[in-house]
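Visitor: Now for the letters of each chain:
Protein chains: 4
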Amino acid sequence: MKRKAEIRVAQIGYQFMGRAHANAWRQAGRFFELPVRPVLQVVCGRNGGAAEEAAERLGFAEHSSAWQEVVARPDIDVVDICTPGDSHREIALAAAAAGKAILCEKPLANTLAEAEEMLAGVRARDLLDMVCHNYRRAPAVLLAKRLIDEGRLGRIHHFRGTYLQDWIVDPAFPRVWRLERARAGSGALGDIASHSIDLARFLVGEIREVSGLLETFVAERPLEGGGRGPVDVDDAALALLRFESGAVGTVEGSRFAPGRKNYNRFEINGSRGSLAFDLERMNELELYEESGPESGFRTILATDPSHPFVDAWWPPGHVLGYEHTFIHTVVDFVRAFAAGERVRPDFEDGVRNQRVLDAIERSSARRAWQPA
Amino acid sequence: MKRKAEIRVAQIGYQFMGRAHANAWRQAGRFFELPVRPVLQVVCGRNGGAAEEAAERLGFAEHSSAWQEVVARPDIDVVDICTPGDSHREIALAAAAAGKAILCEKPLANTLAEAEEMLAGVRARDLLDMVCHNYRRAPAVLLAKRLIDEGRLGRIHHFRGTYLQDWIVDPAFPRVWRLERARAGSGALGDIASHSIDLARFLVGEIREVSGLLETFVAERPLEGGGRGPVDVDDAALALLRFESGAVGTVEGSRFAPGRKNYNRFEINGSRGSLAFDLERMNELELYEESGPESGFRTILATDPSHPFVDAWWPPGHVLGYEHTFIHTVVDFVRAFAAGERVRPDFEDGVRNQRVLDAIERSSARRAWQPA
Amino acid sequence: MKRKAEIRVAQIGYQFMGRAHANAWRQAGRFFELPVRPVLQVVCGRNGGAAEEAAERLGFAEHSSAWQEVVARPDIDVVDICTPGDSHREIALAAAAAGKAILCEKPLANTLAEAEEMLAGVRARDLLDMVCHNYRRAPAVLLAKRLIDEGRLGRIHHFRGTYLQDWIVDPAFPRVWRLERARAGSGALGDIASHSIDLARFLVGEIREVSGLLETFVAERPLEGGGRGPVDVDDAALALLRFESGAVGTVEGSRFAPGRKNYNRFEINGSRGSLAFDLERMNELELYEESGPESGFRTILATDPSHPFVDAWWPPGHVLGYEHTFIHTVVDFVRAFAAGERVRPDFEDGVRNQRVLDAIERSSARRAWQPA
Amino acid sequence: MKRKAEIRVAQIGYQFMGRAHANAWRQAGRFFELPVRPVLQVVCGRNGGAAEEAAERLGFAEHSSAWQEVVARPDIDVVDICTPGDSHREIALAAAAAGKAILCEKPLANTLAEAEEMLAGVRARDLLDMVCHNYRRAPAVLLAKRLIDEGRLGRIHHFRGTYLQDWIVDPAFPRVWRLERARAGSGALGDIASHSIDLARFLVGEIREVSGLLETFVAERPLEGGGRGPVDVDDAALALLRFESGAVGTVEGSRFAPGRKNYNRFEINGSRGSLAFDLERMNELELYEESGPESGFRTILATDPSHPFVDAWWPPGHVLGYEHTFIHTVVDFVRAFAAGERVRPDFEDGVRNQRVLDAIERSSARRAWQPA
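Residue numbers (the working numbering), protein chains in the order written: chain A, 123 to 494; chain B, 123 to 494; chain C, 123 to 494; chain D, 123 to 494.
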């Protein structure tokens with residue numbers, strides 16, 4: 123196979139996630155040796171004027187309000203889906219039909235059925251597919267993975283994941299799209315607890331069954347256009363977990379935790395040690411290794427050149443930020459593209475994640491444990 | 123009623139808990155103005171020689187190996203039960219029959235039925251009864267209670283309690299009495315999760331229903347006399363909680379969390395703020411109050427004279443320790459005794475706690491939510 | 123020599139320090155095996171009524187307002203000096219003349235000359251003398267000492283000590299005795315920086331020379347009886363240090379640091395590792411040992427039975443408080459008394475500490491380095 | 123004056139600092155509305171091949187090994203100096219002679235005399251000049267500045283700055299250029315303590331006098347080409363400070379603090395509150411405001427849209443990294459350029475900083491306080 127010198131990206135969406143992805147495409151090759159050069163070819167959005175402005179700001183060569191045409195263009199190599207969950211299926215299937223590599227924001231879809239359809243679509247064509255659970259590629263998280271894989275924690279007994287935010291605790295906060303089931307699929311469950319579930323699967327393994335609890339504290343909110351509308355998604359999602367390995371755990375996502383802004387935290391306890399991570403201090407990993415009476419949780423500053431992805435950046439102690447997790451995701455995506463290999467988390471990971479979300483919803487409704 | 127000048131204590135048990143209680147009886151009057159003076163009259167234990175040594179060391183005037191006789195003595199005012207849970211019922215009922223005030227270690231009993239019997243016993247005689255959930259009286263915890271009662275957190279949405287230790291994570295650790303159902307009633311559930319449940323009830327209110335998970339990671343352990351024996355209690359206990367108030371929560375007790383020595387931690391999120399406490403840093407309370415962009419979790423050093431129980435001790439920043447929680451418990455017990463009033467947590471609290479423990483066990487067995 | 127079964131204590135003073143010392147004398151034998159039993163024989167104070175109340179509360183058999191007579195009594199073994207610094211010399215010399223063992227609060231005296239006179243007094247009679255720098259005997263500090271002595275930090279390069287409080291930052295706070303040179307000798311320098319200097323000497327070794335800075339931010343304050351009076355002591359004391367060993371350091375004491383209540387903190391950097399301690403979290407020791415890319419500062423919870431003094435108390439994770447440092451001091455004092463051995467820090471340590479304080483004062487006045 | 127649409131940058135140097143600056147020039151316009159568009163025109167370096175590679179990687183249109191020609195080119199608007207300190211003077215004077223705006227890495231020069239010459243050079247032409255003390259523009263530091271300026275801390279009494287690293291603690295570490303006086307000017311003093319001094323000046327005001335201590339622990343090190351060479355710069359620099367305002371302080375820079383990777387920390391105590399910052403947790407600001415018994419140090423996550431520079435980035439809790447401080451510096455530089463205004467810190471700030479460094483060196487040599 124003739125290796126292409128460039129990889130041309132069509133990005134669908136330019137809001138919050140779109141800005142993070144575009145930055146990743148721009149920056150990846152500035153700090154990492156890449157086998158092919160990413161080209162920010164076109165950004166798509168419904169609103170032509172805003173898309174034009176986004177193209178200029180984000181650095182895309184073109185803009186378009188017709189993503190259907192763009193994803194079919196022969197010069198496009200990658201479709202990067204940064205839209206809300208209700209459009210993932212349609213875009214991904216079209217991109218798959220056109221044979222494109224696909225990077226898709228999480229959760230993969232708004233329902234398990236849609237996610238499975240997307241997986242079938244990409245697998246039928248043997249395409250490169252990746253779901254953007256970007257937190258896997260924080261250096262501290264990858265370091266946690268390395269330590270677990272090396273057996274430094276022994277057999278894992280416990281996973282304790284919380285993803286807490288506070289932006290809707292005020293009942294006067296409006297009923298935005300993320301609080302609408304038709305657009306967002308679910309509330310805290312799919313938006314943030316899904317990240318904790320991805321980290322649980324990444325670090326501890328597959329989840330066998332769950333007992334879930336969904337709760338909506340504020341059932342009705344002001345509409346942005348005036349009047350009030352119902353909140354039909356969960357404000358908080360909690361679950362007990364049993365893993366295939368025999369480990370047990372908890373996972374919780376809530377947007378009702380004042381003071382927790384982006385508190386994606388986990389703690390893992392194994393037979394020989396423990397690990398803890400908090401996204402608000404994403405350059406740190408807490409490690410406990412049992413080594414006698416002078417043991418203690420130590421704060422590893424995950425900025426050593428030997429830590430994953432770090433040597434491309436700055437000297438020890440010079441910290442990275444949120445956006446770097448996207449850059450690292452894109453770096454691995456591009457390398458996989460060039461090598462003709464697969465990369466994780468892929469759409470199958472997305473489907474497995476969705477199965478856990480689905481089981482939590484079922485369990486909450488049926489008030490009993492459900493297989494994931 | 124003629125007020126007695128002294129309150130004579132018979133303490134049953136002199137091991138770990140017995141040492142903590144005896145210290146509390148000795149120290150209470152040294153730092154607090156008490157209406158009656160505690161007298162450490164007699165300490166009871168099965169082994170006469172050891173009881174004698176304990177009396178000498180702990181400061182009791184007498185020792186005895188016949189608690190049945192002691193609790194019936196007319197000069198004894200208080201029976202303080204510091205034995206394992208399998209003897210609580212018998213001692214408490216005898217003390218109640220003799221009309222004594224009773225302070226009893228937690229959990230109140232090994233089963234709900236026993237606990238209810240004990241409650242009936244004391245209520246029949248209208249006695250002073252208290253269960254020693256000592257952590258309620260850490261100044262930082264009482265400060266948390268005060269802040270919640272003042273409405274500083276608004277409506278409570280979340281409780282997140284974990285009590286983690288690591289002393290049995292090594293499979294070679296022996297099958298001590300705390301791992302034996304006949305003696306201890308349960309494992310992490312009754313020993314440590316029960317503390318988290320007491321704090322949940324104290325701070326957030328009654329628990330309506332639970333979904334529980336009990337797990338034993340190491341099913342068999344060396345016996346101290348040689349050979350191996352089964353572990354028939356839980357190594358870890360987890361539960362989802364729904365409170366009467368509408369709040370939701372999690373509680374977890376485990377002795378398999380390396381590096382967590384006595385990590386009795388809770389976080390509470392309300393509509394206006396959040397609180398967090400960790401027993402390993404028991405002089406601190408974390409408080410978040412929403413007050414604009416310069417808000418943040420603040421570490422209150424709970425050593426201000428205005429904080430509960432603190433003015434009897436040292437100046438600000440001069441910290442207290444574990445044993446002080448028992449001293450504060452005894453202070454309130456003695457004051458209630460002298461005033462002829464009740465004090466919390468009483469045996470009814472003990473029963474309510476036990477109902478939650480019982481519901482977690484049932485839920486774990488039936489794999490479905492259970493009323494508490 | 124016939125070993126006495128008891129050691130009879132006469133304590134001079136019953137305020138803050140007096141309460142801490144009396145508690146130590148009462149508690150030492152309850153938790154530690156002591157070769158002789160401390161007897162709280164008599165407490166002395168100028169005000170007879172208050173002394174009587176103190177005897178009752180603190181547990182002394184007698185009280186007196188005539189310390190001169192008491193220290194000469196043949197039944198008294200130990201004189202424990204808990205008064206302000208301006209009376210240390212007189213009491214200590216009388217006690218020495220009477221051949222008593224002496225435990226004296228820090229700083230040893232208000233001036234170097236007085237301290238040297240006291241040292242000469244006790245050395246002439248070969249008595250047991252100890253100055254109560256109680257923080258040396260926090261388990262975490264003793265653990266720091268053990269680690270340094272074992273060479274775990276390698277060669278020490280840096281000491282960084284701060285002792286910060288905030289109780290006089292308000293200019294309306296009255297001119298209490300601690301702000302009066304005639305009574306207190308100095309301000310933050312002798313009261314709190316002296317603790318940091320003691321820890322520096324204990325952990326790093328003798329100080330060769332200093333460059334000091336004393337500052338009084340609020341020169342005049344309300345008098346308690348009305349009117350205003352001058353503050354003739356330092357509000358803050360800072361110094362650069364050069365140690366005999368070649369290490370360099372800083373020390374700072376201030377009562378003008380809002381939010382720092384009893385922030386006696388040090389950090390030590392050696393060629394192979396670092397240590398940090400903060401009295402507000404006195405059960406913790408931070409240790410960094412260079413061991414490759416997963417190194418990090420670890421929080422040792424200094425509550426392991428193997429840590430100094432801990433096995434007499436509670437299981438791991440059950441923390442100690444401020445008062446325990448005095449108990450440990452008394453334990454070692456009593457053991458030394460019974461064994462006829464010496465114990466540190468003794469009056470010579472007190473004098474050496476005072477030499478550093480004196481050098482800081484001189485250096486501040488002369489604006490140049492001074493030998494210590 | 124006709125406003126230019128673009129600002130063309132010639133950057134001298136492409137190593138560590140060069141990479142950080144180039145990234146800032148590339149990214150500034152992607153996240154911020156800029157009045158003119160930065161163009162990365164040419165990067166200069168001694169080694170032509172490496173400069174070519176740097177141009178490609180960093181995104182410059184051209185490269186050159188003749189900076190003298192480049193800085194004189196009429197199409198160049200800005201000269202950005204990212205080389206070691208020994209070349210700053212020559213480049214800056216040439217750029218000034220050509221009338222260019224200048225952004226210069228810190229410290230401004232290797233000696234005070236050179237720095238003053240540079241200042242005279244730019245002031246003679248009334249050019250835009252800025253020294254890149256990038257840490258001023260961490261959002262948490264700017265927030266600290268805002269709080270101080272608003273009077274939230276009251277009158278400032280104390281500044282306590284440390285900048286600690288550990289990369290040369292191993293005596294086998296080679297004698298790199300930063301340990302050579304001829305290249306680097308000084309050691310920890312100019313490299314890192316100068317940052318603390320800049321922050322002290324920024325936040326507390328001008329420094330009136332200092333007592334300094336410089337120490338070299340390892341006097342000789344392996345040369346990279348073989349053999350051994352002397353270390354003629356300081357390994358650690360410490361100083362006592364007196365500010366014009368009456369505040370006092372300490373500053374310390376050391377590369378001999380194991381575990382401290384980039385520990386640029388300061389604490390400031392005022393009459394009404396305190397502030398603390400640590401670059402290793404650069405998204406956080408610790409604030410204490412005296413507000414009664416529930417006061418405490420609070421951790422402000424400096425990621426609120428209202429915090430300086432933050433609204434251009436991500437939602438609350440999504441943290442920034444080291445490189446963002448350079449981007450913010452460039453944003454303000456570009457805005458000042460377009461507006462024809464000045465920006466701080468400028469070359470005069472660089473000179474004032476250098477005067478403090480110079481005074482510390484003099485004081486260390488003369489063993490007495492020196493005016494700054």
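Calculated from the structure, these hints are not laboratory results.
Wrong hints could be hidden among the right ones.
No copy labels: a pair is met if it fits in one copy or bridges any two.
[Unchecked claim] Listed below are the simulated SDA-like cross-link pairs for lysine to any residue, each with C-alpha atoms no more than 20 Å apart in a straight line:
hint: 1; residue 1: 267; residue 2: 416
hint: 2; residue 1: 267; residue 2: 394
hint: 3; residue 1: 267; residue 2: 415
hint: 4; residue 1: 267; residue 2: 152
hint: 5; residue 1: 267; residue 2: 215
Visitor: A separate judgement is required for each hint: does it hold in the structure or not?
Guide: Verification of the supplied hints:
1. When the C-alpha separation of residue 267 and residue 416 is checked against a cutoff of 20 Å, the pair qualifies only between copies, where the shortest distance is 13 Å, while the shortest distance within a copy is 25 Å.
2. In this assembly of identical chains, residue 267 and residue 394 lie within 20 Å of each other by CA distance solely inside one copy; the values are 15 Å within and 28 Å between copies.
3. Taking the closest pair of Cα atoms, residue 267 and residue 415 come within 20 Å of each other only across two copies (15 Å); inside a single copy the shortest separation is 26 Å, beyond that limit.
4. Taking identical chains as interchangeable, the C-alpha atoms of residue 267 and residue 152 are never at most 20 Å apart, the minima being 26 Å within one chain and 33 Å between chains.
5. In this homomeric assembly, residue 267 and residue 215 never come within 20 Å of each other (Cα to Cα): the closest approach is 32 Å inside a single copy and 52 Å across copies.
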